[in-house]
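2 protein chains.
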Amino acid sequence: MKSLSVRIPAVLLAGLLCCASLAWSEPANLTDIKAQVARQHDAGVKRLQEWIALPSIAAEDRGFREGPQHLVGLLKSVGFQHAEIVATDGKPGVFATLDAGAPRSVGVYMMYDVKQFVPAEWSSPPLEAALVDKPGLGKAVVGRGAVNQKGPEMAFLEALRAFHETGKALPVNLVLVAEGEEEIGSPHIGQIVHRADVEAALAGTVGVFMPSAGQDPDGVVTVSLGAKGVIEVQLTASGERWGKGPGKDIHSSLKAMVDSPVWHLVHALNTLVSADGNTVTIDDYPQPRPINAAEKAMIAKAASRMDESQMKARYSTSHWIDDLPFQQALERLISQPTVNIEGLVGGYTGPGGKTVLPHSAQAKLDLRLVPDMTAAGALAALKAHLARHGFGDIDVNFSGGYDPTSTPADAELIQAQIAVLKSYGIDPVMWPRNAGSYPGYVFTGAPLHRASGHFGLGHGSGAHAPDEYFVIDSTNPNVKGWDGAVMSYVRYLYELGK
Amino acid sequence: MKSLSVRIPAVLLAGLLCCASLAWSEPANLTDIKAQVARQHDAGVKRLQEWIALPSIAAEDRGFREGPQHLVGLLKSVGFQHAEIVATDGKPGVFATLDAGAPRSVGVYMMYDVKQFVPAEWSSPPLEAALVDKPGLGKAVVGRGAVNQKGPEMAFLEALRAFHETGKALPVNLVLVAEGEEEIGSPHIGQIVHRADVEAALAGTVGVFMPSAGQDPDGVVTVSLGAKGVIEVQLTASGERWGKGPGKDIHSSLKAMVDSPVWHLVHALNTLVSADGNTVTIDDYPQPRPINAAEKAMIAKAASRMDESQMKARYSTSHWIDDLPFQQALERLISQPTVNIEGLVGGYTGPGGKTVLPHSAQAKLDLRLVPDMTAAGALAALKAHLARHGFGDIDVNFSGGYDPTSTPADAELIQAQIAVLKSYGIDPVMWPRNAGSYPGYVFTGAPLHRASGHFGLGHGSGAHAPDEYFVIDSTNPNVKGWDGAVMSYVRYLYELGK
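Chains as they are written, first to last, in my numbering: chain P, 6 to 503; chain U, 6 to 503.
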């Protein structure tokens with residue numbers, strides 16, 4: 006659940022396909038806006054810092070009074086005539102519209118929540134958003150949400166502000182939805198998007214994009230045509246539910262006469278995947294659509310521009326599954342469903358041992374889904390499988406997730422991205438499907454069937470990790486700084502308006 | 006590793022087989038000592054409180070300068086002519102001798118360490134050892150170590166003090182060994198016991214006993230003839246050691262191309278036990294000696310005095326393994342080796358989920374052993390099994406443990422216990438083998454081949470738990486208070502000296 010790490014191959018692409026000699030010559034109508042972007046640079050960065058100082062974290066019930074209000078204020082300040090908080094059964098969303106009197110409308114998807122953080126792990130305070138020198142990159146804002154997703158989102162809002170301040174009409178109308186639960190799997194995004202008036206507004210758009218920091222340090226940009234789906238579940242075995250084993254932690258010597266809910270969980274887990282952990286063995290599991298020729302060709306082309314050893318180093322991994330060659334490993338990445346154990350926790354978890362027979366244990370799983378699988382289908386199959394194998398007592402807590410999402414390469418939303426990137430001299434890597442997940446299904450699925458994707462120049466990294474950053478003053482010729490990122494949205498909006 | 010919970014059935018025995026009408030008439034030679042015990046009551050309780058205030062906790066490297074020194078001081082104050090700290094590769098032990106000029110010598114085993122504790126979980130501060138009213142029991146010292154094992158041990162020392170103060174010769178000589186690592190599995194007890202002079206001194210004893218709070222609230226006392234052995238191991242799967250999977254936690258979407266050390270651990274665990282978790286399936290595992298007729302008869306007799314429903318309630322357990330009837334479940338308890346998962350920990354362990362593919366995971370296991378299994382044999386078989394099944398990369402960290410221990414019922418040390426208990430009108434429950442473990446093997450095994458057991462009246466509970474207590478002023482006619490506990494040791498020493 007995170008749109009950044011999702012662009013897995015992007016940072017790993019070796020080829021440098023931009024820049025200077027192919028640089029787009031500025032059309033005259035951008036001069037005023039560009040000047041305004043430069044004028045508002047300092048204030049814009051300050052607005053980003055102020056936003057980072059207001060974290061909304063769904064997993065911690067933190068910042069949900071101010072968070073959506075602050076975003077509504079920001080939206081109104083950049084020209085949205087309508088911006089409102091949308092209540093859901095979870096954290097509220099935001100719905101906003103900007104009617105520019107343009108013939109076409111574009112949807113925008115944003116998140117105002119951020120991932121949890123542990124301040125002690127950071128080299129500068131995560132809510133201070135200090136400007137820090139990053140070797141090889143330049144000055145960057147370091148803070149929670151810097152790149153995931155407030156930095157790119159604020160750059161997009163600054164693009165709108167530049168239109169607003171210069172009195173220039175936006176080339177498209179905007180329909181914006183934002184949520185505050187992206188980091189917990191967007192459990193209520195449907196309640197925002199499918200509210201009748203919101204859905205109707207989105208139905209009139211050419212598609213929905215999310216502002217994103219699309220550049221890797223080597224300048225490569227990936228255009229992705231979708232993302233895997235995912236379900237996150239916590240499987241809990243307990244003596245209470247099982248009716249066997251203890252109802253509280255008891256002395257481990259009793260294992261000789263009392264059943265163990267921890268072993269029960271281990272045995273249940275063991276049935277979910279093959280012996281190597283890599284093939285899903287859940288009975289009657291939704292079947293993935295096999296990878297097709299177009300996807301294979303796209304992967305082959307992308308693989309030829311990627312540096313396998315750099316990717317292995319980045320992920321501290323010396324072998325891909327089954328010692329697959331790189332291209333097949335990438336095919337596996339985009340096409341195979343997975344059952345991953347995010348965490349195991351049960352009984353005594355401190356240093357050394359403690360002689361207890363625990364009354365419960367939990368496995369946290371994420372199951373990634375590819376077309377034509379559905380989140381509901383996967384969850385139902387998992388539950389039925391557990392029940393059939395004698396593990397029906399194991400609690401399956403579905404904490405979030407959604408279907409896979411796909412957008413065709415010829416969608417206007419995507420073609421406009423490619424056109425803008427080419428105008429910058431960037432030959433994007435086309436990628437069939439992010440292995441990570443984002444809730445694009447809510448736009449690409451029924452009933453909206455809109456295109457959906459990510460767009461934006463600029464660079465950042467460290468989403469979900471300490472020292473998350475977004476480059477403001479770039480010293481790297483392959484990477485746009487703040488004003489360049491802002492201008493990429495200006496150009497994208499013009500391209501979409503064509 | 007814990008001598009108290011080890012007496013599993015004791016608290017659950019329903020029959021009340023004491024007390025008043027059968028009460029032993031005091032022999033004249035105990036009158037002076039009894040009066041002295043009463044005189045030193047307050048000071049003795051204070052000495053217990055002072056000792057509790059000085060916790061030694063091996064798992065936390067806490068209190069190992071003062072702990073053994075304090076014990077040496079206590080021993081000297083009650084008449085041990087020799088008492089010294091014995092260095093080991095771990096925490097120091099204590100060796101002490103009291104030569105009473107008696108024809109016979111008795112060994113005493115003590116521990117000066119206590120279990121970890123979390124003060125917030127206690128209703129009175131765990132190091133203050135406050136005197137608290139316990140309904141149905143009377144006033145009890147509440148503190149860490151109160152019953153496991155400082156309370157009973159101090160009661161024993163107060164018995165020696167009473168001899169000392171009244172100038173009466175002890176009926177036996179004493180050879181005492183104490184350790185500071187009982188709670189972590191006594192990894193260095195051999196370095197204390199097998200030091201040449203210590204071993205020689207112990208070799209001359211009739212056996213070695215540990216002071217213990219032997220009475221349940223219903224007055225039942227169990228005489229146990231041994232204990233299971235145990236090994237504690239932490240199994241850690243990691244990408245680093247495996248050479249597959251990541252070397253750090255990475256985004257879970259990569260599961261489609263990167264192996265998972267967590268699944269590797271789950272699959273390894275799955276091979277260790279049968280599908281129900283209850284039969285060890287480690288290849289070439291040491292074979293238990295089958296339960297014999299004498300043990301079965303002892304269990305049958307004990308079971309007839311136990312309250313199954315009370316035991317089920319105590320352990321929040323509604324069914325024994327395989328729905329066994331009580332007697333067979335108890336036979337299983339004393340005769341079957343186990344592989345228990347004490348804890349699972351790996352990856353993300355907080356609330357909800359987090360989309361990581363963890364680089365490592367750990368299972369904490371304890372494996373209980375019965376005659377004729379050995380700790381070394383079990384550990385070697387476990388490692389060989391893992392290697393044979395493709396899990397040789399999984400780190401097996403042996404953190405402590407030892408062989409099972411057995412003492413014949415006709416040993417003098419045991420017969421003296423039975424005689425003293427009968428003199429109190431108590432018909433003890435004879436029990437073949439505690440399911441928990443204590444390092445009696447170091448005395449009962451080669452080369453010493455001494456008897457070993459636990460003895461002492463009085464009552465306490467909550468070892469390893471919050472609000473651990475030991476009764477001081479008993480209002481329960483089935484339970485001795487402090488002076489009664491002290492006197493039980495006086496009588497035991499006289500009986501041993503006969």
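The set of hints was computed from the structure by calculation and includes no laboratory data.
Hints may contain errors.
Intra- or inter-copy, both count: the list cannot distinguish identical chains.
Unchecked claim - Calculated pairs, DSS-like style, for lysine-lysine (alpha carbon to alpha carbon, straight line, at most 30 angstroms):
| hint | residue 1 | residue 2 |
| --- | --- | --- |
| 1 | Lys144 | Lys306 |
| 2 | Lys388 | Lys81 |
| 3 | Lys301 | Lys139 |
| 4 | Lys39 | Lys503 |
| 5 | Lys144 | Lys427 |
| 6 | Lys144 | Lys253 |
| 7 | Lys306 | Lys253 |
What label fits Lys144 with Lys306 when the C-alpha limit is 30 angstroms: within, between, both, or neither? neither (33 angstroms within a copy, 80 angstroms between copies)
Intra- versus inter-copy proximity for Lys81 and Lys388 (alpha-carbon distance at most 30 angstroms): Close neither inside one copy (45 angstroms) nor across copies (66 angstroms); limit 30 angstroms.
One pair to classify: Lys301 and Lys139, alpha carbons no more than 30 angstroms apart. Within, between, both, or neither? neither (37 angstroms within a copy, 74 angstroms between copies)
When no copy is specified for Lys144 and Lys427, does a C-alpha distance of 30 angstroms or less occur within a copy, between copies, both, or neither? Result: close within a single copy only, 26 angstroms intra versus 84 angstroms inter.
Pop the pair Lys306 and Lys253 into one bin, within, between, both or neither, using alpha-carbon distances up to 30 angstroms. between (56 angstroms within a copy, 29 angstroms between copies)
Given identical chains, is Lys144 near Lys253, meaning Cα to Cα at most 30 angstroms, within a copy, between copies, both, or neither? between (53 angstroms within a copy, 28 angstroms between copies)
Should Lys39 paired with Lys503 be assigned to within, between, both, or neither, using CA atoms and 30 angstroms as the limit? within (19 angstroms within a copy, 105 angstroms between copies)
Hints 1, 2 and 3, counting from the list given before, are not met by this structure.
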